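Keeping the supplied structure of chain D fixed, place chain E upon it in accordance with the hints.
Protein chains: 2
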Amino acid sequence: MKDNFCVILAGGVGSRFWPYSTTSEPKQFLDFLGTGRSLLQMTYDRVCKVVDKENVYISTNRKYKDLIREQLPSLPESNILFEPSVRNTAPCIAYAMYKIKAINENAKIWVTPSDHLILKEGEYIDTVNRGFQFVAENDCLLTVGIKPNRPETAYGYIQIGENEVDQNLFKVKTFTEKPNVDLAKIFLESGEFYWNSSMFFWSAKAISEAFELYMTELARKFSDGKAFYNTPEEQGFIDKIYQSCTNNSIDYQILEKAQNVYVITADFGWSDLGSWSSVFALSNNRKDKNGNVVLGGRAMTYESHDNVIALQNGRLAVVQGVENMVITESDNVLLICKREEENRIRQFVNDTKVQVGKEYL
Amino acid sequence: MKDNFCVILAGGVGSRFWPYSTTSEPKQFLDFLGTGRSLLQMTYDRVCKVVDKENVYISTNRKYKDLIREQLPSLPESNILFEPSVRNTAPCIAYAMYKIKAINENAKIWVTPSDHLILKEGEYIDTVNRGFQFVAENDCLLTVGIKPNRPETAYGYIQIGENEVDQNLFKVKTFTEKPNVDLAKIFLESGEFYWNSSMFFWSAKAISEAFELYMTELARKFSDGKAFYNTPEEQGFIDKIYQSCTNNSIDYQILEKAQNVYVITADFGWSDLGSWSSVFALSNNRKDKNGNVVLGGRAMTYESHDNVIALQNGRLAVVQGVENMVITESDNVLLICKREEENRIRQFVNDTKVQVGKEYL
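If you read the sequences in order, they're chains D and E. Numbered according to numbering that gives the first Met the number 0, the first sequence terminates at residue 360, and the numbering increases by one at each position without gaps. Numbered according to numbering that gives the first Met the number 0, the second sequence terminates at residue 360, and the numbering increases by one at each position without gaps.
Next up, chain D with everything else stripped away, as it sits in the complex (with noise of 0.2 Å):
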């Protein structure tokens, strides 16, 4: 159990959620399905139910510390890792490895998203305790495929080889962007295609091997900072480094490049939250009788049905004549706009950026 790392990423903007979601709250800090917990806090939760708390990281944006100091105030601060600026996963997961192997070569590391929702808890438990265990006997880096239950074409797929190595576990054949929903039907009915969940598991060894490998500069960077890791000069290091890392995802740059990629696949509840309409869809338990959400506030509603309406904490909204819309706000935004539509938000945000100014967003 020493050995066992997590690093919960939670540097995201939720900008398919804006204006609910906002750079300076964005949809990890959010309690999107009214539990009393934020989406961060319940990973936070599920992760220290296998993960040692002194072993579970958070890497964020710097802005987000008050929050998460505030969210979670039994986790150390120092287990918060600040990115100094937006580098998409590569740089960030590279940065929490080095960290970690700094104080434990022998470190198995899971990372994790922080905004994702789990509704099976048990099995979920049990296919991370096995994803330890296979990353602690073999030398292998380990996605986790989630068991398609329709043809979604908001998800990346991971295609399993035909062999399967261990229960429920193969090596990965290959991984495809979102497919249409033609593809994606055949993709379900293959019985070959499972759901990317973005939830990673490897050694400390396995993944430096790799990125010395497939981004050598990257790894150069942050290994040559092994004195700095867990001392006061970890951050000002970091910063001085972290502006000359390019925007990289470690999905592309070592995922579908390494050899020894494998997938566990596992079928515990799992969204991405990716959406309104899958926030609508998990709320069946919340839905007035005309099947409205709330979320935030409260609302009265008049021959009105199936919208989600997310307010700010405290207020009201009155609703007449309003049907499958998503009704959301800020401090200084209202957003109306079909649930239909609601691919068309991030637009929305780079017209708002553009046309009327960055203080909306």
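Hint data in this document are derived by calculation from the structure and do not stem from the laboratory. Here the structure is a predicted model, which is why all the values come from computation and not from measurement. Possibly wrong hints are sitting among the right ones.
Unchecked claim - Lysine-lysine pairs mimicking DSSO-like chemistry, simulated, CA-CA at most 27 Å apart:
id, chain 1, residue 1, chain 2, residue 2
1, D, Lys352, E, Lys288
2, D, Lys337, E, Lys286
3, D, Lys288, E, Lys357
4, D, Lys352, E, Lys357
5, D, Lys256, D, Lys172
6, E, Lys357, D, Lys337
For chain E alone, coordinates are given in the frame of chain D:
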């Protein structure tokens, strides 16, 4: 001119515009038409073109003191009359009248709402001057009837007598309630019916005699305070007697009973701005190319037309796929409602009070 006084009634709560208009900042204090001046300020500006500033009084609720001081900094504080509670028009007109009469027995008093729109100021000023002149020369109560241009069902009507006693000036035959649409059409075609603008002219003598005759008890209460008006004791006296006044309107209790009631007919581009639809109709010059009217903040619209969007200052609305709606808000309430259902807003206010609490009003 020194005998001419004006009383601007500014105590209403504007619930038809809730929550954009709230009890803490009602309709008359808001800039509904994007002119940079509130309806009260525009009313005051117009009144001061005809009446000496020191003769202009504003009757309001005490809680609006700061708003009035802020919006009308040149108005002497002694010219603000505070109603201790809401008692409809008869008590507040009686109060203003007895106070003014204590200053000037020969006063001619013009009573006007604070929240109406006047488009043709020249014609309006002519009407006001003629009104003052008529009540100076005749011991009567004079109302102002607006020439109707449509079968409006939201207004009361005044039927004129057969003989023109002066140019555009008639004895009143009847006052009528808001008619249904069939009756309103008959009114319009008859040429005998005019919209009741709720503006009145009378001499202090004529209206005090009418109070003594038709509202004897109320007249006695206010005339008993003769020694207190325009002294430091005035407010204390008013606070004491006001609680015992009953809710009564000047229309029902005096104008519909008195025998010396006249009407001057006019056509000065009047609207009572009584609904979002009237604001919408009068905002043609500031609609965007899709017919959306935006007040308060700013809006970016997509596939959205003919909406009224009334926001808190500084807010941005991003609106997609919405048509013919009212979207409006206060600090803590968001209202979305079909424009054609806006007459239900008062019901929503009541529902809110009952179901959620007064803190949202």
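Now for the hints, and whether the structure bears them out:
no. : hint                 : verdict
1   : D:Lys352 to E:Lys288 : holds (22 Å)
2   : D:Lys337 to E:Lys286 : holds (23 Å)
3   : D:Lys288 to E:Lys357 : holds (25 Å)
4   : D:Lys352 to E:Lys357 : violated (37 Å)
5   : D:Lys256 to D:Lys172 : holds (11 Å)
6   : E:Lys357 to D:Lys337 : violated (31 Å)
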